[in-house]
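Protein chains: 2
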Amino acid sequence: MAQKKFTLQEKDMPRQWYNIQADLPEPLPPYLHPATKQPLGPADLAPLFPMELIKQEVSQERYIDIPEEVQEVYYLWRPTTLYRAYALEKALDTPAKIFYKYEGSSPPGSHKPNTAVAQAYYNKKEGVKRIATETGAGQWGSSLAFACKLFDIECKVYMVRVSYNQKPYRRIMMETWGAKCVPSPSPDTKAGRDMLAKDPDCPGSLGLAISEAVEDAFGREDTKYSLGSVLNHVLMHQTIIGQEAMKQMEMAGYYPDIIVGCVGGGSNFAGMFLPFVKDKIKGKKKDLRIVCVEPESCPTLTKGLYAYDYGDVAGMAPIAKMFTLGHTFMPPPVHAGGLRYHGMAPIVCHLHKLGFVEARAVPQVATFEAGVTFARTEGIISAPETNHAIRATIDEALKCKQEGKSRVILLAHSGHGHFDMAAYESYLSGKLQDYAYPEALVKEALKSLPQIPA
Amino acid sequence: MAQKKFTLQEKDMPRQWYNIQADLPEPLPPYLHPATKQPLGPADLAPLFPMELIKQEVSQERYIDIPEEVQEVYYLWRPTTLYRAYALEKALDTPAKIFYKYEGSSPPGSHKPNTAVAQAYYNKKEGVKRIATETGAGQWGSSLAFACKLFDIECKVYMVRVSYNQKPYRRIMMETWGAKCVPSPSPDTKAGRDMLAKDPDCPGSLGLAISEAVEDAFGREDTKYSLGSVLNHVLMHQTIIGQEAMKQMEMAGYYPDIIVGCVGGGSNFAGMFLPFVKDKIKGKKKDLRIVCVEPESCPTLTKGLYAYDYGDVAGMAPIAKMFTLGHTFMPPPVHAGGLRYHGMAPIVCHLHKLGFVEARAVPQVATFEAGVTFARTEGIISAPETNHAIRATIDEALKCKQEGKSRVILLAHSGHGHFDMAAYESYLSGKLQDYAYPEALVKEALKSLPQIPA
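These protein sequence lines are chains L and G, in that order. Note that the first sequence ends on residue 1850 in the working numbering; no numbers are left out. Note that the second sequence ends on residue 1850 in the working numbering; no numbers are left out.
Note that these hints are calculated values from the structure, not bench results. Be a bit skeptical, because a hint or two may be false.
Since the list can't tell identical chains apart, any single copy or any two copies may satisfy a pair.
[Stated by the list, open to error] Subject to a maximum C-alpha distance of 20 Å in a straight line, what follows is the list of computed EDC-like cross-link-like pairs (lysine to aspartate or glutamate):
#: 1; residue 1: K1749; residue 2: E1457
#: 2; residue 1: K1407; residue 2: E1571
#: 3; residue 1: K1401; residue 2: E1464
#: 4; residue 1: K1643; residue 2: E1406
#: 5; residue 1: K1486; residue 2: E1468
Throw the hints in and build the complete structure from the sequences for me.
This is the structure in structure tokens:
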């Protein structure tokens, strides 16, 4: 058998993040202030983020050095492995060559710590003592808890109540790393108290949890806020994935024809494809296809509107130009909690609008079918989010078989499903269901878009 | 910072298992037949195991080739990484140099698939269609389920009922890999039915689950039995750990002064130390210390009797010369389910008796304290079993500090604790308790030792 595993040594890990803003054919539309609706300045963001991250958010430098202290923590799980999926190829009887880059080997089990560690580091450096954040399914909250503990920063996580109750293990993980985790809505903020007064049994939402964490950070001198996806600097921190993958694909002797990944906020897949999309923008790889996969029930890129919208429910977070289903949209309770967001990273949306990346939406049951096929061939039990990317990968591989083409497919594998076994049980017992595109709800939510002065 | 991570490439993976039987100063005492109490022959084992494994069990060859098909599956997670624990060293302020070899990156999350894959392969090769086994906490059951699926063999797991109810995620993991998992005692075997008739609410035990799986294999032509620890061939399959570690310690420029690991059946730690103990046996490394760590509540090596005893409760499994607490001994319900066994691998016991390895017992709460320290420095949340080894590693490192010695400690890290978060919650909330050594129960259980004719 040819080589299965492409392993980089510590010394081969990239020393810089790649900043796509240096290579965009058109600049990104600016963020707007949620109250004034005028372009945001650094001073507006200063209560929320350390200055170095605010600079990175708008930097036009092509490469930004990864601090040594961050590299040292990365070594715990980076460089991550690139695998050739021989067993999956064989099971599908496809001429496609499938590779996957696996981010599940980080201690919290996903790509999220790539940015959590960087963010914790810059906060520490600027004297921040405490960070507040929100989490849905818990991937992000546990990653920030992990990173904060290593840099000796207090961490407070507002976890969407329905997940808090369904996934106690993710909460305990955060506590093991020393973080404080409360269900949102919580009595700790005005946003939370207001909601509890209205509905004491409110299951919460990511948008509301963001409002709570932002309020927490605004209210305390010693505290900043941290976001696990969507923002430019977050996507940039994730580019270490794609840069490593480029080296590893070179070791394997191939350049991908198709790159596939799941998108919720967009950071995991952008981290993979941004270093490659550069080749496409520059005209070196015109035929490269980049496929963003989202749930049919929350189809931001495939059904959303490209417009300015708020990042959170309460309208406290900056306004961004993005594909959106409306910031008041409440997605159906699919198991892929990380893909239940009304918007999408502005960079991903911009590249989609410009035609550099494509998008497709897949139904839930088919994603678990793909995930089980992957587990029974490649061995790894994947996160429900990742199963979306696996579904599309398998579909592309089957198309290769039909067409007799031997294309090279690179799958961005964002993490394992060890904390999602209840979802697998639901699938295996035949209870899992699909949710149709909630067209009426989206239509209603899109009415909540802010009016932007021309 | 100096190098943290010592990574081997696929091509550096060992191609042979190491068989300690070639280098033992005295041969192992033979197994005895449970009925006749005479030495066992291959024919006695043939209904349970494929012939190749029976040969390996008694082989005197120093090295046995790892079949290519097994190597190909190993590549999914092997070679595993050796880390230098800089963050832990710093937190302890110790001059000790601590290294750990991490087996948690396998799909089932522990060292167990090193032998599960080999066993599934040999069964497949000899035409076996179905394998029956038992599991306690689920590490072994899920590893065999994983391996059987990859070689297209049916898998039936008898899971100790109390764990089956407490750890549904482990069961779902097995089902995701296509295995059938039932709580033991089950109505599927006579041993199970007899127990259920006596006590319908029986919580089960590992010894009883072994009896059920053995009965299942004896009763069906298409089925063999598989054991996840204790036996010589199982320990041999695990020696890939220690052989890799030797190469990696050489890359790091050190030879260990102390090797530490947890022992239940003994296979994980033996896999690490057997290639090193050879150097001690040969007189090349006389001062090397090898420390087996077990729970105070199930202290087989530190308090047990070195005697012939049955491997299971019902007395259907072979009789082995080992340290034992008596095969009817029911250990207290500590969270380290993998360390709750009345006996111990004959090879480990033999080496302990000959003075080549030492043993110590640690109380439960102190192991979780150590595990949380490890999680908050090195990032990894470890299995409760592994926390025993971490406890002893920290104690040795603190002793180095006291004595001003810079010893090199190598920790065998057997796996992650993603399915054990309930145990962490119990510790973090202050509810976890220690169990004293149950002296009276052991005294009673030791009365059940078989009478062996001289």
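Now the hints, each set against the structure:
Proximity of K1749 and E1457 under a CA criterion of 20 Å is satisfied in neither setting, with 23 Å inside one chain copy and 66 Å between copies. For a Cα distance limit of 20 Å, the shortest separation of K1407 from E1571 qualifies neither inside one copy, at 33 Å, nor across copies, at 40 Å. In this assembly of identical chains, K1401 and E1464 lie within 20 Å of each other by CA distance solely across copies; the values are 15 Å between and 27 Å within a copy. Taking the shortest Cα distances, K1643 and E1406 sit within 20 Å of each other both inside one copy (13 Å) and across copies (17 Å).
With identical chains, the CA atoms of K1486 and E1468 are at most 20 Å apart between copies only, with a shortest distance of 14 Å across copies and 38 Å within one.
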